[in-house]
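When you get a sec, could you build the whole thing from the sequences and use the hints?
Next come the chains, spelled out residue by residue.
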Amino acid sequence: MIAASRLGVSLPHVSATSQIVASQLRPAVISLSSASKDVIPERHEFWHTQQSLSASAPKSCFLRATSAVHGPSQVRYAHTDITVPDFTEYRRETTAAANRSAEAGSVDRRAFTYMLVGGGAVAGAYSAKSLVTDFVSTMAASADVLAMAKIEIKLSDIPEGKNMTFKWRGKPLFVRHRTAEEIEEVAAVDVNSLRHPEHDSERVKVPEWLVLIGVCTHLGCVPIANAGEFGGYFCPCHGSHYDASGRIRKGPAPLNLEVPEYEFTSDDLMIVG
Amino acid sequence: MSFTQTIYNTVFRRTSSYALAIVVGAVFFERFFDQLGDGLFDYMNKGMQSHMQATCSKQWKDLKQDLALRQSSDEDE
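Residue numbers (my numbering), protein chains in the order written: chain A, 782 to 1054; chain B, 108 to 184.
Worth flagging that the hints you see were computed from the coordinates, not collected in a lab.
Given the structure is predicted, the values throughout are model-derived calculations rather than measurements.
Hints should not be assumed to be uniformly reliable.
[To be verified] Below, computed lysine-lysine pairings styled on BS3-like, alpha-carbon distance capped at 30 Å:
#1 A:Lys931 to A:Lys948
#2 A:Lys935 to B:Lys171
#3 B:Lys168 to A:Lys910
#4 B:Lys171 to A:Lys931
#5 B:Lys165 to A:Lys931
#6 A:Lys931 to A:Lys986
#7 A:Lys1031 to A:Lys986
#8 A:Lys952 to A:Lys986
#9 B:Lys168 to A:Lys931
Printed below as a string of structure tokens:
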């Protein structure tokens, strides 16, 4: 039978046999072998093409033959003796009936599937978020370090017009109790004339108290208090002059002295950090 | 139209609304889950609550309350 299907050119013969064969295999083999003795295929002057071959290949309910000029030829039999496996074990209850359309409950089934996937996605997003948060928060300073990083300053210890230096986070911290004249003087300065334009009110919370990090913004020396041409700070390394608001007025420093975070907890107490 | 159908059509059908639902759901889920975990931890670390007035707290927030109570009762005496 395989040989018959490969003939191609002798199609009338093949289709004739295949029609006999169609429903059952065994008689076809017998009839073919008995008939092949007498049949002499006529030679038509006809060129077969892909289409003509496949169009004239026998097709019936149980037999499918394909043939091609250059491709393989094959005959497939749809066997009727193989029972379809029973999948009821694996089916959902709503789709268990094989003779009814499963379309009716499809929305419910899809909603359930989406629900499961969505729930998993929510849990995954939560886990990913907490994982990232945990890893990032290991880089943050711990509570004891943060507590050590604050400094309490008793304001009544600093007389008016004096500057006191504290050590805070490894750096000198200047706390200056300014006099009324100093406050007036620094407030009157034209902001546009400054190298780093900041008004005095931006740099202090209470005009009497000026809090600065005592590191020169030029190359990091510690400026000297109550010195220099502007009555504020003077850096001895390269001669930067700061005024009583810690702003750069003369010399190589590019920026004003840095103001740290601080707050007044009571009339007499200030916490820096 | 059943509830499932409504949910399916409004939320699950479009990927954008589905993703949005997941993100919003994650926010609420986080709140719920964290509260649940904290509550469970507090419950398991309540300490001994004996009938003889004297309590044995484990966590600082409980201990703080106990100390405050003890102090106020001391002042009364």
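Quick rundown of the hints versus the structure:
no., hint, verdict
1, A:Lys931 to A:Lys948, "holds, 11 Å"
2, A:Lys935 to B:Lys171, "holds, 29 Å"
3, B:Lys168 to A:Lys910, "holds, 28 Å"
4, B:Lys171 to A:Lys931, "holds, 24 Å"
5, B:Lys165 to A:Lys931, "holds, 29 Å"
6, A:Lys931 to A:Lys986, "holds, 18 Å"
7, A:Lys1031 to A:Lys986, "holds, 25 Å"
8, A:Lys952 to A:Lys986, "holds, 21 Å"
9, B:Lys168 to A:Lys931, "holds, 24 Å"
In the structure shown, no violation is registered for any of the earlier numbered hints.
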